[in-house]
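Participant: First residue of the sequence shown? That's 2 in the numbering used here, and the numbers climb one at a time after it.
Certain hints may be false.
BS3-like, lysine-lysine: derived pairs with alpha carbons at most 27 Å apart [what the hints assert, rightly or not]:
| hint | residue 1 | residue 2 |
| --- | --- | --- |
| 1 | K124 | K43 |
| 2 | K89 | K58 |
| 3 | K59 | K43 |
| 4 | K58 | K74 |
| 5 | K81 | K59 |
| 6 | K124 | K26 |
| 7 | K37 | K124 |
| 8 | K81 | K37 |
| 9 | K124 | K89 |
| 10 | K89 | K43 |
| 11 | K89 | K26 |
| 12 | K74 | K26 |
| 13 | K59 | K78 |
| 14 | K81 | K58 |
| 15 | K81 | K43 |
| 16 | K124 | K78 |
| 17 | K58 | K26 |
| 18 | K124 | K81 |
Bear in mind the hints are in silico, worked out from the structure with no lab data behind them.
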Amino acid sequence: MSSTGSLCEQFSRIIGGVPGFAGGKCVSTINRNEIKATILGKRFRVTSSFSFESLNKKTGRALCLGRAAFLEKEVNKFIKVIRNQNIKVSSVHNEWLFDRPRLIYINIEAVDRPLDFARKVRKALVAASVGEGESTPKGGKSR
């Protein structure tokens, strides 16, 4: 296994997601199976994803990104912890007109060491009550 593959697995394990590669970058996906969401009355699977790319071998830093889905009551706690760890919140928005419950998406970005970023994200997810046992990785197993 490549060192990037191993790093991706560690990154994903810390976040609590399932590792994968899309477009040449490491992506960790978390399914929020505890949220029974619908759009236009049809079941919708809520996912969050976190990634890193453009890893600098000398500094160990990479472009680290996230797109996470939250219930309205979880948003402020997540943002507070993320911002306190010097991760930029680049957008807070809803994406769907007819979703139930209302979902809020938060995009985050940083240039950081991927495993440090993953630990910061995990800390914020736990603070927002999206912690162990609540986020279910793709594939259905809780971590």
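Participant: Now tell me, hint by hint, if it's right for this structure.
Facilitator: Verification of the hints:
Distance hint between K124 and K43 is unfulfilled; the C-alpha atoms sit about 32 Å from each other, more than 27 Å. Using a Cα cut-off of 27 Å, the hinted pair K89 and K58 holds, with the two alpha carbons roughly 23 Å apart. Taking the CA atoms of K59 and K43, the gap is near 48 Å; set against the 27 Å cutoff, the hint is violated. A hinted pair counts as satisfied when its Cα atoms are at most 27 Å apart, and K58 with K74 does not qualify at roughly 39 Å.
For the given pair, K81 sits about 31 Å from K59 by alpha-carbon distance, which is inconsistent with the 27 Å threshold. In summary, the hint linking K124 to K26 is supported, as the alpha carbons are separated by about 23 Å, within the 27 Å threshold. Taking the CA atoms of K37 and K124, the gap is about 24 Å. The hint holds against a cut of 27 Å. With a C-alpha separation of about 26 Å, the suggested pairing of K81 with K37 holds against the 27 Å cut-off.
A distance of roughly 15 Å separates the Cα atoms of K124 and K89; the hinted pair therefore holds under the 27 Å criterion. With a C-alpha separation of about 33 Å, the suggested pairing of K89 with K43 is violated against the 27 Å cut-off. Taken as a hint, the K89 and K26 pair is honoured in the structure, with Cα atoms around 20 Å apart against an allowance of 27 Å. Restraint check: the Cα-Cα separation between K74 and K26 comes to about 31 Å, which exceeds 27 Å; the hinted pair is violated.
For the given pair, K59 sits about 34 Å from K78 by alpha-carbon distance, which is inconsistent with the 27 Å threshold. For the hint linking K81 to K58, the alpha-carbon distance of about 31 Å lies beyond 27 Å, and the restraint is violated. About 32 Å separates the Cα atoms of K81 and K43, which puts this hinted pair outside 27 Å; it is violated. Restraint check for K124 and K78: satisfied, since their Cα atoms lie roughly 11 Å apart, inside the 27 Å limit.
Using a Cα cut-off of 27 Å, the hinted pair K58 and K26 holds, with the two alpha carbons roughly 15 Å apart. For the given pair, K124 sits about 11 Å from K81 by alpha-carbon distance, which is consistent with the 27 Å threshold.
In this structure, the earlier hints numbered 1, 3, 4, 5, 10, 12, 13, 14, 15 are contradicted, and the remaining ones agree with it.
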